[in-house]
Structure formats: C-alpha cells, structure tokens
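Asker: Protein chains in written order, with our numbering: chain A, 1 to 485; chain B, 1 to 242.
Bear in mind the hints are in silico, worked out from the structure with no lab data behind them.
Please note: incorrect hints may appear among the correct ones.
Stated by the list, open to error - No more than 27 Å apart at the CA atoms, straight line, and that leaves these computed lysine-lysine pairs for DSSO-like:
1) A:Lys221 to A:Lys237
2) A:Lys221 to A:Lys236
3) B:Lys127 to A:Lys239
4) B:Lys109 to B:Lys187
5) A:Lys239 to B:Lys129
6) B:Lys3 to A:Lys224
7) A:Lys239 to A:Lys253
8) A:Lys251 to A:Lys17
9) A:Lys237 to B:Lys127
10) A:Lys236 to A:Lys75
11) A:Lys237 to B:Lys26
12) B:Lys109 to A:Lys236
13) B:Lys129 to A:Lys237
14) B:Lys80 to A:Lys224
15) B:Lys109 to A:Lys255
16) A:Lys239 to A:Lys476
17) B:Lys3 to B:Lys53
18) B:Lys109 to A:Lys237
19) A:Lys239 to A:Lys221
20) B:Lys80 to A:Lys236
21) A:Lys251 to B:Lys3
22) B:Lys190 to B:Lys109
23) B:Lys26 to B:Lys187
24) B:Lys167 to A:Lys236
25) B:Lys3 to A:Lys237
26) B:Lys109 to B:Lys127
27) A:Lys476 to B:Lys53
28) A:Lys239 to A:Lys224
29) B:Lys228 to A:Lys476
30) B:Lys109 to A:Lys239
31) B:Lys129 to B:Lys228
32) B:Lys3 to A:Lys239
33) B:Lys80 to B:Lys53
34) B:Lys167 to B:Lys80
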Amino acid sequence: MKMKIQKSRRPSVNVPKVIVCAVAIYALLVVLMYWLMGEQLHLRESRGNFEMPAAEAGTVELCQGAVVEQSFTVKIQRLQSVSVQWGTYYRPNAGTMTMELYNTLDGSLVVSESFDAAAIPEGGLTTMTLETPVETVYNVPLLLRIWSDSLPGSAASPLMSVSAREDGYSLSLNGVPTDGVLCFSVTGEDYIWTGLHYWEFAAGFGVLLILAGLLVWLRWKKGKHSYVVNALIAVKKYKFLIRQLVSRDFKTKYKRSILGVFWSFLNPLLTMAVQYVVFSSLFRFDVPHYPVYLITGIVIFNFFTEATNMALSSIVGNAGLITKVYMPKYIYPLTRVLSSLVNLVISLIPLMLVVLFSGIIPTKAYFLVIFVLLCLTVFSLGVGLLLAAAMVFFRDIQFLWGVLTMIWMYLTPIFYPESILPDNVAWVLGVNPLYYFITFARTCIMGGISPEPIVYVQCALMALGSLLVGSLIFRKSQDRFVLYL
Amino acid sequence: MSKTMIEVNDVTMRFRMNNDKILSLKEFVTTAIRGKLNYNEFTALSHVSFEVKRGETLGLIGRNGAGKSTLLKIISGILKPTEGSIAVHGNVVPMLELGSGFDFDLTGKENIFLNGAILGYDEEFLKAKYDEIVDFSELGQFIDVPIRNYSSGMLARLAFSVAAIVKPEILIVDEILSVGDAAFQEKSHKRMMDLMGGGTTVLFVSHSLEQIREMCKRVVWLDQGQIKMIGDAEEVCGAYVL
Numbered sequence: 001m002k003m004k005i006q007k008s009r010r011p012s013v014n015v016p017k018v019i020v021c022a023v024a025i026y027a028l029l030v031v032l033m034y035w036l037m038g039e040q041l042h043l044r045e046s047r048g049n050f051e052m053p054a055a056e057a058g059t060v061e062l063c064q065g066a067v068v069e070q071s072f073t074v075k076i077q078r079l080q081s082v083s084v085q086w087g088t089y090y091r092p093n094a095g096t097m098t099m100e101l102y103n104t105l106d107g108s109l110v111v112s113e114s115f116d117a118a119a120i121p122e123g124g125l126t127t128m129t130l131e132t133p134v135e136t137v138y139n140v141p142l143l144l145r146i147w148s149d150s151l152p153g154s155a156a157s158p159l160m161s162v163s164a165r166e167d168g169y170s171l172s173l174n175g176v177p178t179d180g181v182l183c184f185s186v187t188g189e190d191y192i193w194t195g196l197h198y199w200e201f202a203a204g205f206g207v208l209l210i211l212a213g214l215l216v217w218l219r220w221k222k223g224k225h226s227y228v229v230n231a232l233i234a235v236k237k238y239k240f241l242i243r244q245l246v247s248r249d250f251k252t253k254y255k256r257s258i259l260g261v262f263w264s265f266l267n268p269l270l271t272m273a274v275q276y277v278v279f280s281s282l283f284r285f286d287v288p289h290y291p292v293y294l295i296t297g298i299v300i301f302n303f304f305t306e307a308t309n310m311a312l313s314s315i316v317g318n319a320g321l322i323t324k325v326y327m328p329k330y331i332y333p334l335t336r337v338l339s340s341l342v343n344l345v346i347s348l349i350p351l352m353l354v355v356l357f358s359g360i361i362p363t364k365a366y367f368l369v370i371f372v373l374l375c376l377t378v379f380s381l382g383v384g385l386l387l388a389a390a391m392v393f394f395r396d397i398q399f400l401w402g403v404l405t406m407i408w409m410y411l412t413p414i415f416y417p418e419s420i421l422p423d424n425v426a427w428v429l430g431v432n433p434l435y436y437f438i439t440f441a442r443t444c445i446m447g448g449i450s451p452e453p454i455v456y457v458q459c460a461l462m463a464l465g466s467l468l469v470g471s472l473i474f475r476k477s478q479d480r481f482v483l484y485l
Numbered sequence: 001m002s003k004t005m006i007e008v009n010d011v012t013m014r015f016r017m018n019n020d021k022i023l024s025l026k027e028f029v030t031t032a033i034r035g036k037l038n039y040n041e042f043t044a045l046s047h048v049s050f051e052v053k054r055g056e057t058l059g060l061i062g063r064n065g066a067g068k069s070t071l072l073k074i075i076s077g078i079l080k081p082t083e084g085s086i087a088v089h090g091n092v093v094p095m096l097e098l099g100s101g102f103d104f105d106l107t108g109k110e111n112i113f114l115n116g117a118i119l120g121y122d123e124e125f126l127k128a129k130y131d132e133i134v135d136f137s138e139l140g141q142f143i144d145v146p147i148r149n150y151s152s153g154m155l156a157r158l159a160f161s162v163a164a165i166v167k168p169e170i171l172i173v174d175e176i177l178s179v180g181d182a183a184f185q186e187k188s189h190k191r192m193m194d195l196m197g198g199g200t201t202v203l204f205v206s207h208s209l210e211q212i213r214e215m216c217k218r219v220v221w222l223d224q225g226q227i228k229m230i231g232d233a234e235e236v237c238g239a240y241v242l
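Same shape as in the complex, but just chain A (with noise of 0.2 Å):
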C-alpha cells in the first residue's frame, strides 16, 4: 500500500540555520550546568560513608587514664568528618573530651579535637570536621582514640553497639579488646568520574551534534527525507495549531468559575494545607520543612494525574474531528499535556510562596528544577500516548486508570518520608520513576544543591525511555483509531 499526499504549500525550513542554532543552544546549555550543578558535578556523598550503629551500652566512664580505641577503614575518597555518640549518666558532666583520628598506616594524626564534656547531651554527638577535607586515608587502616581529663563521677562514657560487627574493626577498651562497635559515623565524599570529565564528555557529545547536523544538511541539501527535516517541517506547521488548542484548553478549564486562573495557583496551596494539617497533627512525621516537602511532591504528581487522565481522554473525546480533519493524531495527546505543563508553570508560584516562608534561601540549583519538569512532561507524555491509544479500544483503562493512579500515589512518597517504608517495600522506589523526579525535585527546592550527575541520567532515560514505548504503540495503532472511535 502506498499513501503520498503532498502538500504544495509545504512550508520549508532553514536547515543551516537549525543546525548552527542547535549547536549553539547545545554549548550554551553545557556551560550554563557546569555552573548550576557546582560542586555536586564532580564530588558526591560517598557510598563508604560509615553510619552510626544503634547504641546499645555505654563503653567506660571515660575519666582521666581511660583510653576507647576504635580501628577501622573506610572507602571514602575525601574524608570530612567523624561523629562519636556520647551517654552522660543524665547527670552534669564536667572536663575536656579528646578525639583522635590516626592514620596506622604510617602513624601520623589525621585530626584531633577537643570538646567540653558539660555541653553534651545525654545521646549527643561530638563531630570533628575538617576543614579541608583528607584525601589519604581511601582504604588505609585509621584508629580513633578517644579520652578525656573528666574526674571519676563527672565524666562522659561513649555509647557502644554490642551486637554490630564489621569487617575489619575492632574496638578495645582501655586496651582490652572488646566485641561490638562503638558508635561512630565517617562521612566524606567521592569522586565522580564522569563528572571529573565533564568537558571531555560535554565535547564528545558536541562533536557527534554536530556530525548529526552535518548528515541532515546533507541529506536535506540532496533533497532526501530525514526523520529531522520532517520533524522540523512538522513543528513548524502544526505550532500554530498546538497552540491554538492549547489556549483552547486552558481558556476553557477555568471559563465559568468565578476565580478563573487563580485556581491553578490556589489548588495545590490548599491540597498541600489539608494534608500538613492531617500529617503533622495526626502521623507527625519528622521531615524538615514539611510544607514545601509536601507542596513539591503535589505539585509534581499533581501534574502527572492531571496530563495522563487528559491525555487518556483525547482521542476518544475529540473523536468528532478525527473523523473529519486530518492532522497527526499524535498532536491531541500533546496538546493536553502542554496544556496541563501550563498549569504546572503556573502551580510553582505558590511552591516558591512556601519555600519563601518556611525561610529557605532559593539557591541556583532552583534553575535545574527546569530539568526535571522536562524530563517529568516527556515522561507523562509517553504514558498519555501509550494511555490515549489503549484507551480508543478498551474503554475500561479510564477506570483502572483511576485506581493505578492511587495506588501509585500511595506508593511514591509525597506525603511520607521515605524512610518509613518497610525494607521489602523499599525497592517499590527503586522503579518508581515519578520518586525520581519528586527527590530530585526537593534535592534542589530543599537541599539548595545539585543531585549526583548518575540521577540526571536517570531520569532522563526514565522520561525518554516513557516517550519511545509510547510513541512507538501509538504510531501502530494510530491508523485504526478511526474504525474504533
């Protein structure tokens, strides 16, 4: 079978133009990331960190002559910091605590510090930072010895695990050694490899840009088709049509309230108060600044219902005109989620009202939000294709469309911390994209910094690989929508 229909007033593209503007934006782009990640570019939260075992006993009172020493080794590229965790006898405490961080190896002293016992709560910590973070210790055997000058009855004693064991550690109490593990944290950072690289990686992928480019130039200057130059013809003739519908449904969702567009604004503001009011008062969840904990995930999955139900709903509801205008039926699921992103624009000025009253300082990482949107639209989009196309032949996804949504909501960690799922539930947000994008998300509204770069890739790969398996269903089955509307 064979279908040419060839449009006489196709309109033409300025390829050159496309390709040098592409490349341009491309560079633009990279420099613009390396900036806004900063830091968390190249060094992450390192996945030998050490965590505090769960105290179980004291150690010994540590007066003056009494000696804790605690071996061990760690993966951390760049230590920063040693915490030890301190019992007080719930009773004042008076004297100096020494911290010492000794390298075995070569015997040398990594770091030393020295705390005022009075000042230490009963299960409180003591942390020694340093300043510059220690590059030498990756793997090398270190001993942390600590004792103080406190007098029998006034001192503090460190808390102990009994029952931890690791690896490699042994702890010994004034010099008898002793089973469990005192109760200890390392933390430090790493390295990240692909970050360390970044302008190598960033020109690799320029210069295969711009090997793409020059192949379509190529193929467009010898008049052959290319799936780009056909995008390209595409975007252009059908953007005024998207964005007449898009302004279609977005003038229209609002037309006969009384408060019009301000429900966009006010939505999400009253979902994420009823919620604070319930958890807060009821679950008391310990996250810190817990509005803007739970706005951030409403307003993400938020726009992920809204986008996917409108989508399932577009072909089958314009049904009318697929039977009488042609246009690529692709543009009706599009068109809803745009319409929908519109919205989500729109739901991030009372995100940024909340982040501004729970007194967090916006930081340029709110800039790389713009990523996860993105990745979170492309996502949606491919489920709305996949859930547009099912739904012209089985009317009932609408309905279990509904109920998989909650259960998806339950299972993503809006309202919740994350912590509170049990370990054989844990691996649910594993393969939990819209997880993904929400910590994302929170990683830069929150914590003010980047995520690692691997979380980028991620998401990226979970919106694109979305797009592919709903496109691709979509375009199968799209030539039969018609004998099924």
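The hints should help you fit chain B onto chain A, whose structure is shown.
Answerer: Just chain B now, with coordinates in the frame of chain A:
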C-alpha cells in the same frame, strides 16, 4: 493542460466488523477465550479508480452506505485504504459538519482562530482574513460572545465563513450547503460558485440531484462500494433516477 489533483488508484477499503463491537477489556478477553472472536469482513469500497483534474467539480452520488463518505475520508487522509493507492496534490479542506471543530465556551473570534488552525490555515493568513470572515458571517457584535449563545443559523454561518474564506486547492463538501437563512444560502451558494470558478477542485456529495446537476460537470455514482457509472452529470443523474 490541466493538472491532475486527485488520483484514486484501485482503492479497496475493507473493515473488520466484530459481531459485537467490543470496547471493554473484560469482554475482549472473555470472548477471545471462548474463541468467539470472529470478524465479518465488510467491503466498503472495492477497486475504485478515478482522477480529478484541477478546477473540476466532481459530484458523488449513491444510496446511503454506498461508500461516499468512506471515499471522502480516504481522500482527506483520515482513513488509509486497505489496498490501492491514492495521491492528492494540494491541501484538502473539508467543510466540517456544523460545529464539529468549535468549542462552545469560546467566543466567535476565538473559534475562528481555533477552527482555522484545525483546517490547516496559518496564523498570518487568519489575521489578514479575520475581518473578511467576520463580514461574511454577518455576525457583527456577536463575534465576541461565547458561541454557546448562538442560534444554529449563526453557528452555520460562522462555520461556513471560516471554511470558505480560503481558496483551498481541494474542497470537500458533504451536504452542508443548506445553512442559514435564505439570504445566507444565496450568499454561500454564490461563494461556492466563486470558488469553483477560481480553480478550486471540489468534491461534492449530495442527495439532491438538482444541486449536483447545477454544480458538477462530472459525477461518480457509487453503488455498494463499486463505481456503477462515471461520466457526464446529466447522463449519470439520468441513469441514477431510473
């Protein structure tokens, strides 16, 4: 020599019709398991071939279910033929059924742009022609009123005005010429004649042989998916009546 605008080459269109149209997943699975998923093939068009030259007005006649609408849908690209090929050289503008491209919550003005975009016009063109469209529709101040408040005659005038303002290369008209009041009917009829005189190729479906005779030179008579007769309007219409 006039250029060929539409070539229909041995087009066959078959639909698979379930005994019952299955629309829910559960039903689909249960009938598939019971092995009752048999389809009835229905041939809407079989081996239809013809050509339409530039500036020609081709009439399509036939009983209900003869395949006229299917043929128009294939030509406008909505359906893909099961067999055969079709080549269309030019932009196709279908005259929509009343209001199918309209949003009733938007004003007449917003709908002109929306509907225009759906019909494939670009922005500059619509902006340039906007006044002309409003003038032609005779809607006056109602153009800024949401069209849910329009009467059906007003809707029809708006729809016709948007569709007919452009000089499309190929215009598809599926029985919608009787819109509005007598005066507007007169006007739209005149506009159609203008379009046809101005080199637009028109595919015209009607059950009114009178209109067909008046507007078309050539007529295709479809009967049960096949071309029963093709040729001069008078001749075909004469045979059709008999």
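Asker: Each hint needs a verdict: does it hold in this structure or not?
Answerer: Each hint tested on the structure:
no.: 1; hint: A:Lys221 to A:Lys237; verdict: holds (20 Å)
no.: 2; hint: A:Lys221 to A:Lys236; verdict: holds (19 Å)
no.: 3; hint: B:Lys127 to A:Lys239; verdict: holds (16 Å)
no.: 4; hint: B:Lys109 to B:Lys187; verdict: holds (21 Å)
no.: 5; hint: A:Lys239 to B:Lys129; verdict: holds (19 Å)
no.: 6; hint: B:Lys3 to A:Lys224; verdict: holds (25 Å)
no.: 7; hint: A:Lys239 to A:Lys253; verdict: holds (21 Å)
no.: 8; hint: A:Lys251 to A:Lys17; verdict: violated (34 Å)
no.: 9; hint: A:Lys237 to B:Lys127; verdict: holds (16 Å)
no.: 10; hint: A:Lys236 to A:Lys75; verdict: violated (54 Å)
no.: 11; hint: A:Lys237 to B:Lys26; verdict: violated (41 Å)
no.: 12; hint: B:Lys109 to A:Lys236; verdict: holds (23 Å)
no.: 13; hint: B:Lys129 to A:Lys237; verdict: holds (19 Å)
no.: 14; hint: B:Lys80 to A:Lys224; verdict: holds (24 Å)
no.: 15; hint: B:Lys109 to A:Lys255; verdict: holds (15 Å)
no.: 16; hint: A:Lys239 to A:Lys476; verdict: holds (24 Å)
no.: 17; hint: B:Lys3 to B:Lys53; verdict: holds (6 Å)
no.: 18; hint: B:Lys109 to A:Lys237; verdict: holds (22 Å)
no.: 19; hint: A:Lys239 to A:Lys221; verdict: holds (24 Å)
no.: 20; hint: B:Lys80 to A:Lys236; verdict: holds (25 Å)
no.: 21; hint: A:Lys251 to B:Lys3; verdict: violated (44 Å)
no.: 22; hint: B:Lys190 to B:Lys109; verdict: holds (24 Å)
no.: 23; hint: B:Lys26 to B:Lys187; verdict: violated (53 Å)
no.: 24; hint: B:Lys167 to A:Lys236; verdict: holds (21 Å)
no.: 25; hint: B:Lys3 to A:Lys237; verdict: holds (25 Å)
no.: 26; hint: B:Lys109 to B:Lys127; verdict: holds (11 Å)
no.: 27; hint: A:Lys476 to B:Lys53; verdict: violated (34 Å)
no.: 28; hint: A:Lys239 to A:Lys224; verdict: holds (23 Å)
no.: 29; hint: B:Lys228 to A:Lys476; verdict: violated (35 Å)
no.: 30; hint: B:Lys109 to A:Lys239; verdict: holds (19 Å)
no.: 31; hint: B:Lys129 to B:Lys228; verdict: violated (42 Å)
no.: 32; hint: B:Lys3 to A:Lys239; verdict: violated (31 Å)
no.: 33; hint: B:Lys80 to B:Lys53; verdict: holds (22 Å)
no.: 34; hint: B:Lys167 to B:Lys80; verdict: holds (26 Å)
Of the hints listed earlier, those the structure fails to meet are numbers 8, 10, 11, 21, 23, 27, 29, 31, 32, in rising order.
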